[in-house]
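**Q** Between the sequences and the hints, there should be enough to build the whole structure, so can you do that?
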Amino acid sequence: MDIQPALTQIPTASAEALEALRIHYLGQNGSLTAEMKALGKLDPEARKARGAELNVLKTQLAEAIAARKAQLESEALNAQLAQEAIDVTLPADPTYGGRIHPITAAMEDIAAALRTLGFSHAYGPEVETDDYNFTKLNLPAHHPARQDQDTFYLNPFAVADTKHKTQNTKHLLRTQTSNVQIRTLEAVKPPFRVMGIGRVYRRDYDLTHTPQFHQVEGMMVESGTTFAHMRGVLDEYLRIFFGKPLKTRMRPHYFPFTEPSAEMDVECHLCRGAGCRVCKHTGWLEILGCGMVHRNVLAVGGLNVDDVQGFAFGAGVERLAMLKYGISDLRLFYESHAAFLRQFGKAAVSAA
Amino acid sequence: MKIVLSWLENYLTLTPGTSQAALQQALIQLGHEVDSITTSGQTYPNVVIGKVLSREQHPNADKLGVCMVEVGEAQPRQIVCGAPNARAGLTVAVALPGAVLPGNFEIKTSKIRDVESQGMLCSQRELAMGDEHNGIWEIDDTSATPGTLLDSILPAPQTVLDVALTPNRGDCFSHLGLARELAALGLGTLKPLPVLVPGSAACTYQAATSTPFCPSINLLEITNIRNTQSPAPIRAQLLAAGLRPKNALIDATNYTMLALGQPLHAYDAAKLNGTTFTAATAAGGESFAGLNDTTLTLAEGDTIITDGATIVGLGGILGGQGSAVSDTTTDVVLEAATFNSVAIALSGQRHQLHTDARQRFERGVDPALAPYALQYCAQLIAEWTGGTISAPVQEGPGVPAPQAIGYNPSFFNRYIGMNVAPDRQIEILESLGFKIEQIAADELKVTPPTYRTYMATPEDLTEEILRVLGYETVEPQLPPGIGGQFAVNGAPVTLDRLARRACAAAGFLESMTYSFIGHTTAESFANGRQLLTLANPLAQTDMTTMRPSLLPGLVQAAADNFAKSDPTPRLAEVGKVFSVHKDTLTESLMAAGLLVGTGARHWKGNEPKPDAYAAKAAALHILSTLGAPTESATIGTEVPSHYHPGRSGSIAVGPFTLATFGELHPALRKASNLPAAAGPVAVFELHLEPLLKLQSKQRPWAASPYPPVMRDLAFILPKTVTAQAVTGAIQATKQPLLKAVEVFDHYEGDRIEADKHSLAVALTLQSAEKTLTEADITPIIQSAVEAVQTQLGGTLRA
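The listed protein sequences derive, respectively, from chains A and B.
Residue 1 is where the first sequence starts when you use the numbering used here, and the numbers rise one by one after that.
Residue 1 is where the second sequence starts when you use the numbering used here, and the numbers rise one by one after that.
Keep in mind that the hints were calculated from the coordinates and are not lab data.
One thing to keep in mind: the hints can contain errors.
EDC-like cross-link-like pairs, simulated, lysine to aspartate or glutamate; straight-line CA separation at most 16 Å [claimed, not checked]: (1) B:K734 / B:E786; (2) B:K604 / A:D93; (3) A:K280 / B:D162; (4) A:K247 / A:E267; (5) B:K445 / B:D423; (6) A:K280 / B:D35; (7) B:K576 / B:E427; (8) B:K576 / A:D87; (9) A:K170 / B:D583; (10) B:K445 / B:E472; (11) B:K604 / A:D87; (12) B:K582 / B:D566; (13) A:K247 / B:E475; (14) A:K247 / B:E689; (15) B:K564 / A:E335; (16) A:K280 / B:E33.
These figures come from a predicted structure and were not determined experimentally.
**A** So, in structure tokens, the structure goes:
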């Protein structure tokens, strides 16, 4: 039996021709099948020899057909895929790219840095009494430092208020997060390390001031806390927040609620201390106020400076955010400009 | 405060070679921030003195003249000038070609209407020396030599340090005060103050005080003066320090104040009605005409100065109009007193008066200074104007001497965390004027100088020592044992922070708008609640009232973005809202979102218009991100009035309303600045604080190995029957194998009756013990159908 012509046809056969060839040789009534069936009529010796021959032929044919069949299927699939091709350069489906506000991101970065230093969160209200915003912070009504903080006062809203209006119960929008210090001292016994981060208000609205902004407040009160610890903690906090060591310096300053009081500057990140427009050619940028908690403030919590001592600090979040993210205009934060929020906002899932 | 370097050097011999930078560095180290160092007065290269020899009419212009001006050269220069006062004989300032005047105006030789002009005659304004521009500057000093530089007749430039003083340092509000500070740091030595000899003539006037707010009053009189200008160098220093020179009397009081720190007042004796100067407490209601051209109604607690008959001053704050000195004053009464700083501060606040005197008295003026300052000022007046000084008069109990502070030098190490030898601490305190009495090795009595009015505690002393050593000398240390002392992080903070993340994760841009909004807008979102308003708002009318809702800010923000052609589909804010209920203030933490069609086009089809369901989805998504058990939420229809009443709802879990959502009320939508084409606005508001009371229940893991069975049921129902009523009725059958009921289709329209709608629900059944058979399933389905039919009037749809 000669299968050579078939083997020659198979590699170029169409699907239909291939099936016809298969049936012709290997089908139930195929010629090779018939030969195989005829084997039984031969004597055992001849059957064995012929059987082996036929098996080789059958295997050759079947393999050739299977190979061609696989080739045809692959060609057909390729053709189909080519048919299904699309223009992947068309625009993607629209998505909603949500972002947290850069101020929120800065507040979280600040909180993360302070958490690594053992500070926990406290929370204070934005509408405060004069007592908590000023008086208990060692700022009595006549104190000249009050003039540095233009305060929004609220109209009396309760009958009791208008009847017995005293300076201490007057309601105002907090001018500083330092109210968190008092609320903590009244509620918690030392040792503690606490931070308060939130919105504050001052009656000032121009190129470099918005009537609301955010502050971070920190306070650590333990038995052996020193001024040197304050410097160590603040240096470390700023290093973590900015993600790189920055030169800092401390200058004496005055706050009624701390003694000694200081202001801390960081090396200007733009000119690295050489002096530029941003740092008004001083090489330094003012970044926070701090000091050892005043004995009159500790006394609010029933504490005595003979037993415990501590430090507190406060910094503007906007300023930190502007420095860290390179934002030049304070007012941008409150204009809700979508392009700004997309560019400077952070994704819902992001580092730190 | 502006410190004039030449003036400072009246009190301090600076160490030779002290640079401006070193001075600035020293002041910063001491706690006095230096805002700027400037040089007052300009120099004018190429501007010279000239003498106008002649002025002829310009041949081609009516208003111009052609001057010949002598400028010390071989030939006079020809200069064209339009000033009406240009005339022969004037001494003038001539800008020669090459001069660059303020405003970067370069002078060149040029032709003006065909006549050559070889320079320019300057007005004072052109030299930035004043506002005078009606003509060229007629220089008084006619003896000045033509050709010499203009600079040679101008006062020498003054170096001025603008120092930002902290409110506790009243003692530094003077040149003497800062000289003391710098000397303590070793930048120089203090010069002794001049020894002054009091006058001997008896004073016509008496002094008295009847108020504790003025513990000491000093006066003297100076007669037969001629109130001229003060000397030119003094005027230059005053000007450099930021005070406009007026006349010798006023200049002398200002000069003494800036020099020593004591505010003083001069009264014109001719305008007085009595002879006993009395400090007293105002009764309230008196009228007083102040030097600032306003009439005040005095209040109880103000301190007044009377001349025995009329009120001549609001003590320590403002002098009176009636007794003000003038150029014609010949006899003057000079007063220097001590005032209580608290009383001055309150009085100043009451009358909204910000004067140099108030600024100093409320920060604390050295109570021992007044007699000396009085004499110092009198001496200046006598020197400048002639006149005879009387003997001084002093009245009042005075101020108690400063209290000694008990101090143990080892406290410094304990408090600051740095070792400083006791001797060194004592040395520093003494350099700052403190008196030290050593009681024992570990016990000092430290008496502050009278001018350090704020010193009271050992901590104050540590600051003094540290200032002089320099804060920078403290080695940073990390405290031992880092670890949170609070049991848990403050939950509201966590919620606030997570809510912002959750909004962002749901596709919202987080916005921050102002906590105060316009009153009318606030009322539209108040939902009947009382609003909290600012007593002293800014001028902006859209910043008067604390927001009762976050939505007005978001609506405005969305509109602003449309106006900027950068509309954004989803904006959110997390923050406080404020309202008053039954006299009690509520400040609550909320989140809110706004969804709006931006008209963005896409090749696959236009963006879906946001509606109440989109807002509902966002609200549920965010609540669930925040851990609210939204699977057991119920939907209600009670919403604030700023929502579309028919297209809005609320989400509650148990007794807590967690959210409201829906379309913004069409009237508010219309009133907003959003373009009409943006279509309806979908919004939601989330109440975050209740989430602190809700916790998703922990459930054990219970996956069944047996497959669930799904069955769909479609009902025709009266339109009044809500989807929630249907799923609720089916769930109320409480079949244990019924795991979930969900609406998957809704229809209303032509194919069913007008007052009916159709709802299709999918029931999920599953057992943890076996594969369910029809025998298990049928009764459950039947009870569901029965419940909808009997309780809600529904019919099973074929």
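**Q** Determine for every hint whether it applies to the structure shown.
**A** Taking the hints in turn, this is what the structure says about them:
no.	hint	verdict
1	B:K734 / B:E786	13 Å, holds
2	B:K604 / A:D93	8 Å, holds
3	A:K280 / B:D162	14 Å, holds
4	A:K247 / A:E267	5 Å, holds
5	B:K445 / B:D423	14 Å, holds
6	A:K280 / B:D35	9 Å, holds
7	B:K576 / B:E427	53 Å, violated
8	B:K576 / A:D87	48 Å, violated
9	A:K170 / B:D583	14 Å, holds
10	B:K445 / B:E472	28 Å, violated
11	B:K604 / A:D87	13 Å, holds
12	B:K582 / B:D566	43 Å, violated
13	A:K247 / B:E475	14 Å, holds
14	A:K247 / B:E689	41 Å, violated
15	B:K564 / A:E335	11 Å, holds
16	A:K280 / B:E33	13 Å, holds
In summary, the numbered hints that this structure violates are 7, 8, 10, 12, 14.
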